[in-house]
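Trainee: Sequence:
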Amino acid sequence: MARDVEKTTPFVKERAKPGTAHAVTHMFGNFEAAKHRKLPSWAAPLLGSMVIFHAILFFSMWAKTTWDIEQLDRPKSAVDLAIAPPPPPPPPPPKGGPKPKDVTITPKKIKVRDLIQPVKMEKQEAPVIVESGDPNGVEGGQEGGTAGGDLAGAVAAPPPPPPPPPPPPPQTVTPQTLDANRVSGEKNIFPDDVTKTEISRSGKDKLVGTFKLCISAEGAITSVTVLKATTFPAYDQKIRSTILGEWRYRPFQLNGKPQPICSTVTFIYSQH
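Last residue of the sequence shown: 272 in our numbering, with the numbers rising by one and none dropped.
Derived by calculation from the structure, the hints in this document are not laboratory data. All C-beta atoms in this analysis are idealised placements derived from N, C-alpha and C, irrespective of residue type, glycine included. Among the hints, erroneous ones may be present.
[Said to hold, decoys possible] Okay, the calculated beta carbon distance ranges per label pair: (1) P85 with M61: 51 to 61 Å; (2) A234 with W62: 51 to 61 Å; (3) P168 with P233: 29 to 39 Å; (4) K238 with P85: 19 to 29 Å.
[What the hints assert, rightly or not] Quick list of in silico lysine-lysine cross-link-like pairs, DSS-like style, CA-CA up to 27 Å: (5) K238 with K204; (6) K238 with K228; (7) K196 with K206; (8) K196 with K212; (9) K206 with K228; (10) K204 with K228; (11) K206 with K187; (12) K187 with K212; (13) K238 with K206; (14) K196 with K238; (15) K212 with K238; (16) K212 with K228; (17) K204 with K187; (18) K187 with K228; (19) K238 with K187; (20) K257 with K212; (21) K196 with K228.
All chains, please: the whole structure from these sequences, using the hints.
Mentor: Here it is in structure tokens:
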């Protein structure tokens with residue numbers, strides 16, 4: 001034990017001092033320090049921009065709900081009768097091209113190798129044929145008649161008169177002229193409900209059909225021909241039957257005389 005004590009450092013009593021007690025820090029000291037701390041320079045602009053952004057967002061949502069007006073539905077269907085413009089005049093005939101060059105034909109010379117003496121042709125007179133008749137006949141009678149008959153007998157009936165000339169072909173007039181002569185008939189022709197359903201299923205919202213009308217000199221419709229179909233046969237048939245059954249026209253006058261005419265009518269049906 002004495003050796004262990006000798007190895008340790010001697011303790012000097014004079015240098016030993018009592019320990020100093022440190023004051024305990026208050027539990028809200030960090031809060032007090034943060035309370036007096038200044039904000040950084042970028043905090044105020046960031047806070048202001050956030051406030052302005054939320055104010056603009058709130059105002060735009062309020063304005064949208066205030067001015068939002070419900071749009072009304074468009075009408076479901078409409079029919080327009082379009083009159084096609086008159087066809088353009090035919091182009092002028094092309095100007096004459098260059099004149100053809102005159103072709104000179106040079107006859108070829110034929111060499112005569114053998115000389116032949118011409119032969120004189122004698123003219124032969126045709127024999128006179130005397131028809132043999134009945135010696136008991138009379139001048140002015142008919143062939144195959146009986147001897148002693150009456151010269152004023154029955155004469156053959158005259159030939160029938162020639163047939164009357166065919167009527168003139170129909171004149172082609174503009175759709176505007178045809179529409180001006182129409183006196184009755186509904187122009188707006190709608191398809192039936194079944195056809196409307198088929199049109200809706202097909203995805204089409206517009207149909208165009210062109211028909212050719214021919215009218216007699218008395219003003220009656222003689223024929224209705226489909227030039228361009230609407231791709232729905234039921235609707236085309238309804239247009240034809242309506243035109244033939246309901247439409248009426250006054251006679252078309254040309255130089256003071258009624259004439260048959262032909263023209264076209266175009267139907268446009270739109271469905272919304």
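Trainee: Quick one: which hint numbers does this structure break? Sort them smallest to largest.
Mentor: none
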